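Chains as they are written, first to last, in full-length UniProt numbering: chain H, 1 to 255; chain X, 1 to 255.
Since the hints were derived computationally from the structure, they do not count as laboratory data. Quick caveat: nothing in here was measured; it's all calculated off a predicted structure. Where hints are given, some of them may not hold.
Which copy is meant is left open, because identical chains are indistinguishable; a pair holds if it fits in one copy or across any two.
[Unchecked claim] Dumping the calculated EDC-like pairs for lysine to aspartate or glutamate here, alpha-carbon to alpha-carbon at most 20 Å: (1) 32 / 144; (2) 253 / 194; (3) 34 / 63; (4) 158 / 222.
Listed below are the residues making up each chain.
Protein chains: 2
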Amino acid sequence: MATPQTGAGDPQRSLELLWREFGPQHSKPGPKPKLTVERIVEAAIAVADREGSCFGMRSVSAELGVGAMTIYRYVPGKRELIDLMVDRLSRIGSGAPDLGTLDWRDGLELVAEGTWEVYRDHPWLLEINQKRPVLGPDSLAGYDFVLAAFAAHDLPDKEINLATTAVMNIVTGTARQYLIRDSAEERPETAEEDWWRAQAPYLEHAVASGRYRHLGRFSDPEAWDLTGHDAMRYALDRFLDGLAPRMEASRRKPA
Amino acid sequence: MATPQTGAGDPQRSLELLWREFGPQHSKPGPKPKLTVERIVEAAIAVADREGSCFGMRSVSAELGVGAMTIYRYVPGKRELIDLMVDRLSRIGSGAPDLGTLDWRDGLELVAEGTWEVYRDHPWLLEINQKRPVLGPDSLAGYDFVLAAFAAHDLPDKEINLATTAVMNIVTGTARQYLIRDSAEERPETAEEDWWRAQAPYLEHAVASGRYRHLGRFSDPEAWDLTGHDAMRYALDRFLDGLAPRMEASRRKPA
DNA sequence: CTATTACTGGGTACAACGTACCCGATTGAA
DNA sequence: TTCAATCGGGTACGTTGTACCCAGTAATAG
Chain H
1 MATPQTGAGD PQRSLELLWR EFGPQHSKPG PKPKLTVERI VEAAIAVADR
51 EGSCFGMRSV SAELGVGAMT IYRYVPGKRE LIDLMVDRLS RIGSGAPDLG
101 TLDWRDGLEL VAEGTWEVYR DHPWLLEINQ KRPVLGPDSL AGYDFVLAAF
151 AAHDLPDKEI NLATTAVMNI VTGTARQYLI RDSAEERPET AEEDWWRAQA
201 PYLEHAVASG RYRHLGRFSD PEAWDLTGHD AMRYALDRFL DGLAPRMEAS
251 RRKPA
Chain X
1 MATPQTGAGD PQRSLELLWR EFGPQHSKPG PKPKLTVERI VEAAIAVADR
51 EGSCFGMRSV SAELGVGAMT IYRYVPGKRE LIDLMVDRLS RIGSGAPDLG
101 TLDWRDGLEL VAEGTWEVYR DHPWLLEINQ KRPVLGPDSL AGYDFVLAAF
151 AAHDLPDKEI NLATTAVMNI VTGTARQYLI RDSAEERPET AEEDWWRAQA
201 PYLEHAVASG RYRHLGRFSD PEAWDLTGHD AMRYALDRFL DGLAPRMEAS
251 RRKPA
């Protein structure tokens with residue numbers, strides 16, 4: 001029943017942890033730490049993949065085989081841990097080619113598909129309510145990666161920002177509608193059937209009442225038979241169609 | 001810390017409540033109910049507007065001036081209550097003109113703007129994790145309302161579905177990025193400043209390191225100065241630009 | 001070497017949450 | 001009038017995040 005909010009707690013603490021490898025590392029008294037922040041983040045992602053976004057801190061502790069409160073020695077709280085998990089999964093495009101070598105459209109499609117795959121593999125990401133995005137090394141690298149798609153053009157900075165934001169929000173918005181429902185569910189296919197079976201009588205009654213005129217004209221039963229990926233691609237493709245003239249007009253001339 | 005999930009609990013119960021006015025109403029023994037489902041949903045929305053999506057059932061009870069458990073006589077649980085709240089706020093376009101009298105593009109823009117306003121007034125809606133949408137009378141009416149925009153065209157049913165889904169997801173995706181952060185916050189403007197002040201040194205250090213080549217070229221400081229509404233309109237406008245040729249090609253000829 | 005001191009992991013405990021359950025009061029139907 | 005179903009309210013339980021305390025450990029100062 002619990003899904004967390006993040007980015008609101010203490011951004012300062014999250015930031016210190018996100019950029020921790022850039023800080024000083026002097027030796028200190030006391031026992032050697034048994035864990036590392038990396039291991040905790042990795043374990044938490046594994047638990048969230050299994051249990052969904054409502055994973056508990058006690059599950060993370062159990063996954064690591066330590067006491068319930070031990071991980072609090074490394075991470076100030078759950079919100080900050082989620083900030084770390086989100087940044088960790090923003091490592092898209094690390095294996096992909098440099099977008100500078102691709103056409104702008106192929107590049108943006110690659111970014112969208114890559115992001116879609118991250119959401120498909122970790123649907124609980126879509127249930128995280130980020131108040132403000134906490135920018136870590138990996139999310140910053142991801143953003144830098146996208147910007148390469150615009151390198152050969154002279155689009156104004158503001159419009160570059162608008163366009164990349166749009167692509168990300170199209171992917172995220174569609175993913176939220178289609179991918180959340182499969183997260184942490186025992187039998188997704190039967191759940192889908194049950195759901196339709198429950199709705200059907202009410203829908204038929206409603207349409208038969210004549211109060212919904214346009215819905216009744218929706219005859220093709222295959223109209224509803226579309227995947228989340230189809231929906232994402234349609235929105236993305238039309239958006240890129242609309243962006244194309246502006247990109248072509250701003251193509252940088254070779255000097 | 002708690003944001004609920006919905007659509008997963010018992011859809012059957014939610015549906016019975018959503019379509020309750022269409023069911024039989026026979027008199028039964030026992031005292032007259034003090035409350036109605038409508039009043040509870042209305043009160044819950046008021047509480048959520050004030051406290052955010054992490055509102056508690058006890059707050060709803062207090063808002064109505066009844067005992068903590070009383071509302072459970074009317075609503076089986078929190079998840080089902082949220083289903084009712086979501087459907088209640090799907091009453092868009094009730095005061096708007098019939099989309100059949102408008103151009104398709106004006107119609108879709110109207111729907112997008114109306115949805116945006118609902119999210120602006122009730123940002124907690126964006127934090128609700130709907131597993132599957134539970135279709136009630138109001139959300140069905142909203143969908144029927146959108147379909148009117150395609151009445152004068154011969155677009156295939158499947159593509160109508162794809163296009164409307166795309167518009168809704170563009171609005172929802174952008175709203176989620178920009179509107180959640182202001183939900184249930186004491187001082188949104190100072191929070192924004194604090195957040196940037198916390199990030200700035202890390203960002204500067206990162207950019208100065210040269211690891212993020214394209215980010216460094218982002219010179220115009222105004223590039224980041226955009227509102228959520230700007231971002232939504234840009235994504236929507238480019239999408240509609242891309243949809244336009246297909247809509248024009250499918251315009252129904254007068255017989 | 002010893003004493004100091006910071007830091008470790010583990011355990012207990014608390015407040016807030018959703019809600020199962022029980023109870024006395026109330027009211028329509030037989 | 002009697003019966004039974006339903007009402008509002010109160011108590012209590014399990015689960016959550018996490019504040020706090022404690023005993024053990026290891027680097028450093030003398």
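We went through each hint and held it up to the structure:
1. 32 / 144: Cα proximity of residue 32 and residue 144: none, with 36 Å in one copy and 63 Å across.
2. 253 / 194: For residue 253 and residue 194, neither the intra-copy (58 Å) nor the inter-copy (42 Å) Cα distance is at most 20 Å.
3. 34 / 63: Only inside one copy: residue 34 and residue 63 sit 14 Å apart there, 49 Å across copies, limit 20 Å.
4. 158 / 222: between (41 Å within a copy, 7 Å between copies)
The structure fails to meet hints 1 and 2 from the earlier list, while all remaining hints are met.
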